[in-house]
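Colleague: In order, the protein sequences belong to chains A and B. So for the first sequence, numbering that gives the first Met the number 0 puts the first residue at 0; every next one is plus one. So for the second sequence, numbering that gives the first Met the number 0 puts the first residue at 0; every next one is plus one.
Check each hint, because a few of them may be wrong.
[As the list claims (entries may be wrong)] Here are the simulated distance ranges between beta carbons:
hint: 1; chain 1: B; residue 1: Val-4; chain 2: A; residue 2: His-326; range: 44 to 50 Å
hint: 2; chain 1: B; residue 1: Gly-151; chain 2: A; residue 2: Leu-441; range: 40 to 46 Å
hint: 3; chain 1: A; residue 1: Asp-455; chain 2: B; residue 2: Pro-17; range: 40 to 46 Å
hint: 4; chain 1: A; residue 1: Thr-156; chain 2: B; residue 2: Ala-266; range: 21 to 27 Å
hint: 5; chain 1: B; residue 1: Pro-5; chain 2: A; residue 2: Pro-508; range: 55 to 61 Å
[Said to hold, decoys possible] Covered stretches of chain A, going by a simulated chain B footprint (3 or more residues, C-beta under 8 Å):
hint: 6; region: 19-33
hint: 7; region: 99-112
hint: 8; region: 237-245
hint: 9; region: 262-272
hint: 10; region: 408-416
It is worth saying that the hints were derived from the structure and are not from the lab. Keep in mind the model is a prediction, meaning the values are calculated, not measured. All residues carry an ideal CB built from backbone N, CA and C; glycine is no exception.
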Amino acid sequence: MAAYSVSVALTGSGGAGSMTAGQILLDSASKAGFYGLMTRSMGPQIRGGEAAALVRISSTPISSLDDHYDLLIAFDWGNISRFAAELPLSTDSLILCDPAQGPVPDSIATYGARVAPLALKALSERVHGGRGNMIGLGAVAALIGLPIESVLHVLATQLGRKGEEVLAASTASVKVGAEAATLLPPMPKLPEGNPHGASRWNISGNEAAGLGALKGGIKFVAAYPITPATEVLEWLAPALEKTGGALIQAEDELASINMVIGGAFAGLPSLTATSGPGLSLMTESIGLAVASETPLVVVDVMRGGPSTGIPTKSEQSDLNIAVYGLHGDAPHLVVAPNSSTDCLAATQWSVYLAEALQSPAIVLSDQAMGQSRVIIDKPAESPYVADRLVADADIDGYQRYALTESGISPMAIPGTPGSNYVADGLEHNERGTPSSQASDHLAQLDKRARKLQNFDYGDNWADVEGDGEIAVITWGSVTGPVREALDRARAKGIKAKLISLRLILPALPERMDAALAGVNKVLVVEQSHSQQFNKFLRGHYDLPADVSVFSRPGPLPIRPGEILTRLAVWE
Amino acid sequence: MNVQVPLTAQDFKSDVKPIWCPGCGDYAVLSAITKALAELDTPREKIAFISGIGCSSRIPAYTNLYGFHGVHGRALPIAAGVKLARPDLTVIVAGGDGDGLSIGGNHFLHACRRNVDMTYVIMDNEVYGMTKGQASPTTSPDWCKSKLTPEGTGISPVEPIRLALAAGANFIARGFAGNPAEVARLIVEGIAHPGFSFIQILSPCVTYRPEEREWKQAVHASETEPAQIMAEAMHRLAADDGFTTGVLFAGNRAPFMPARDVKTTIADIERKFAS
Ligand SMILES: Cc1ncc(C[n+]2csc(CCOP(=O)(O)OP(=O)(O)O)c2C)c(N)n1
Ligand code: SF4
């Protein structure tokens, strides 16, 4: 792999400006023609508290953190020990810190990285209104070889409206920092960037999910705020308002899911977004959507669980509730985007599937991809838009739940004369009249299972890449590090295949069998404590005899090098 | 060419046979609702009838309207979703006192304050009929016929009308199933009144609360015009015995409905992501 990337951690306590500096660094890299990714690590405080901006800049597209950070700049040491585990450094890494802030804490010093002083405080005093984070930003940019003009350009566009004085102070600070970097130990420099203008996008996974919803045709959203899903809603609220849709803040998740059921019943493609605690509250009514065959999309941006868990950090541990959480036999759709970028396409596809199949679709995103901001190539247009099979007017003896061959029955939309019906969560006959007869129950269970099982999902069901007798099966945001590990493995001559499952439910055993042809060893990689994904795979698919599992709970991300190590065991 | 023939109450009834016990007050509520709809002259397909779970919540299937029989306690949010998604529809919600005030109590508060234009009918029988006779939030504390609370609940009942007023409902009325003509009139007025209209209908459960047949003697029509100011309504309701029927409050708060102007395209919005 000829690609070159550099990873920078910018840390400090609240008010030190590490997030702002990280954001500008990423934007500057984008301006200079690089790809990139920024994740945030925040403490539990509402405002203030320690924060780390974790930025990776690369000459090729990336969707994973690297094994360690090449550069760590600490604006202060604050409570850094709480983050230390999330800031792996190598002995080649460089730590920049202000000696005025005291010695490097043990939790960081233990990595054995090089340390260089950068007198942030003293340097900022040289500039009228100077800010330590901007000094640091200038130094970082110079050290990694990011053209300083791109930083100044971003400052001008982003700080321009804050007034001349602020802009002048920041510009001067960045220059002072860049100048100071000439005295620091050198680091490998980024290659020349490749500016592409409008063909590159700067987007977060949560924004991408919102955009996917909009492009899929969502017109109605009801939701209750919850970390880390709120940005999906904050992005959608004005976007819907401007395009003729509406977003309602409900009193709780019980209300939001039911409002969405109402909106969908009334004819509008409808969606809600939440995280684990909210999904738990919604499950009864997601079952109602299954029984009443009401299309809707629930975006679950997963965080650490159980209970309130770790709201600000990622984990893939809502798989079980998404798959098994509904009472009764309740077939439904579960779709998992596998990168921040894929949040767009996967959510858009989910809207299409939910509407086509008159079924609830749970989209399992997570904090890692939802709250990461990425610089990517502009995503290709996707053809998937909501297209519901609706009933005509004046159907004599209209049967809402008619037993069709596909299992999909035309749905009358209120306002259509003469085709009225009552949607019901009670088991019902074809017409919708409540029935507890064994024959009606079996017929409707079969119908609801059939419509999902027989549908043609095309090639979106999984990303299947590469070849070899070894396959890594994974899902969700962990796909990024797996993909990178496999790239590195190929460079070392290890041949292995990636299977990243996007369509979790329904399971498609025939597709998996085909993907596993010629594979005799499987490594399952996931981020949960109880191996939820591994158990799901074993319940739904035939895997080769030789399966090993790399599973770890959040919040520590899974890194490419760790996966590579597991693969190397087999060589 | 269709000739406009005035619709009758019968035109709004379906051929599904109610599961209700003979003599249940809910039959009269069904008649009153269909009578009101016949009077209102709204095209049948433009009405959505939403309910939760309980004996009373079975009601949509007994009409030939578009309807949704949801889960226990969630009728109001489904109804809000329907109306907010489709402002052109007339939305009616109905259900029991348990459905609306216990499991769905939070939605009741927020439906009152959200003031979306719809009409909510609670068929109040002061008992859980469907689950065979347990105390509901409106049951008096000393009712001890339920095996779950053989000594009575010992806790004060909710007063739905006062609760609705305090929470901000824009139209509040009470009716009695034994007087379906009045109930029909209240429903007509409730539907016509903008915003969230709440109508409590005393609807006896003859099976688990046979003594409720005596409500006939207790109810009395309100002798005043509806209060239009909240303070006045509160003052009057403080002295209310729970059996005054009629429109008790008719406010003038504007209904909630988000504006929907198409000002831009998705292509324009996504251009902001170009870096
Ligand atoms: C989540 C849930 N909990 C409990 C029930 C059982 N349940 C069904 S109806 C009902 C109460 C019905 O009482 P009410 O709403 O007053 O209506 P009524 O039957 O008296 O008309 C209960 C507790 C249920 N269906 N769902
Ligand atoms: S149990 Fe009571 S409320 Fe239910 S149908 Fe019978 S009489 Fe009516």
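Colleague: Are 3 or more residues of the region 19-33 of chain A near chain B, judged by a Cβ distance of less than 8 Å?
Modeller: Our answer is that it holds, as 3 residues pass the Cβ test (under 8 Å) against chain B, meeting three.
Colleague: Are there at least three residues in the region 262-272 of chain A whose beta carbon sits under 8 Å from a beta carbon of chain B?
Modeller: holds (count 7)
Colleague: With a cut-off of 8 Å between beta carbons, are at least three residues of the region 237-245 of chain A near chain B?
Modeller: holds (count 7)
Colleague: At the C-beta level, are Asp-455(A) and Pro-17(B) separated by a distance inside 40 to 46 Å?
Modeller: holds, 43 Å
Colleague: Taking the CB of Pro-5(B) and the CB of Pro-508(A), does the distance hold inside 55 to 61 Å?
Modeller: Taking Cβ atoms as reference, Pro-5(B) and Pro-508(A) lie about 59 Å apart, which means the hint holds.
Colleague: The hint says 21 to 27 Å between Thr-156(A) and Ala-266(B); measuring C-beta to C-beta, is that right?
Modeller: Hint holds: Cβ distance 22 Å, inside 21 to 27 Å.
Colleague: Taking the beta carbons of Gly-151(B) and Leu-441(A), is their distance inside 40 to 46 Å?
Modeller: holds, 45 Å
Colleague: In terms of beta carbon proximity below 8 Å, does the region 408-416 of chain A have 3 or more residues touching chain B?
Modeller: It holds, with 5 qualifying residues against the three required.
Colleague: Between Val-4(B) and His-326(A), does the beta-carbon spacing fit 44 to 50 Å?
Modeller: The hinted range 44 to 50 Å holds for Val-4(B) and His-326(A), with Cβ atoms some 47 Å apart.
Colleague: Three or more residues of the region 99-112 of chain A near chain B by CB distance under 8 Å?
Modeller: violated (count 0)
Violated hint for the displayed structure: number 7, the only one.
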